[in-house]
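Enquirer: Hey, can you work out the whole structure from these sequences and the hints?
In the working numbering, each residue carries its 1-based index in the sequence shown increased by 194.
If you're looking for bench data, these hints aren't it; they were derived computationally from the structure. These numbers were taken from a predicted model, which means no experiment stands behind them. Glycine included, every Cβ here is placed at the ideal spot set by N, Cα and C.
Straight-line alpha carbon distances no greater than 20 Å define the calculated PhoX-like cross-link-like pairs of lysine-lysine that follow: (1) Lys-259 - Lys-227; (2) Lys-309 - Lys-333; (3) Lys-243 - Lys-274; (4) Lys-309 - Lys-274.
Quick list of simulated restraints, FRET-style, between CB atoms: (5) Tyr-348 - Lys-224: 27 to 33 Å; (6) Ser-205 - Tyr-348: 46 to 52 Å; (7) Glu-277 - Arg-226: 32 to 38 Å; (8) Tyr-348 - Gln-198: 56 to 62 Å; (9) Arg-220 - Lys-356: 28 to 34 Å; (10) Ile-206 - Ala-280: 48 to 54 Å; (11) Ala-280 - Ser-212: 39 to 45 Å; (12) Lys-240 - Pro-316: 33 to 39 Å.
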Amino acid sequence: MENQLPVVYLSILLVLLSGTAWIIFRQILKTRKVESSFSRLQNKLKSEKGTAEEYYELGSIYLDKKLFVQSVNLFQKALKEVEGEAKENIALIYNGLGFSYFAQEQYDIAIRNYKEALKLWPEYVTALNNLGHAYERKKLTAQALQAYEEALKYEPNNQTAKRRAESLRKRLVTT
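Expert: Structure, rendered in structure tokens:
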């Protein structure tokens, strides 16, 4: 029994270290892929005009890096290149642009962009959630609740919309 205790201890340690190494390895691969795309797109767009998809992809990377001013510029360039794109793709660009403005606390501009996204794709649940969040930040509780309820109409199991709508309903009842 005494000889087995170190073996069990080492086995558990080995399993934990292997799991940690696997998680780190996956994160490194993911980061490397993003950085590779970032570098490729930056170099391409410096030397030539890009497509709406390329501007959107680079804008999204800047958004992930929390470089909001740069992401706004890229999303605006993407909007200039949208000819021939599907409405859903253009809505994605408007949503990204809205999120960039939201992150800079420019809620009115964010709301305008979320609404543009929803004009193109009315059942775009992410844009509805983002619109609701922007309304909340502006203390427009009724409009926020309406946006979340609209999101739940299209996606009844949307946890974000459920949670926020319930919270807002409680707030509206107490006021």
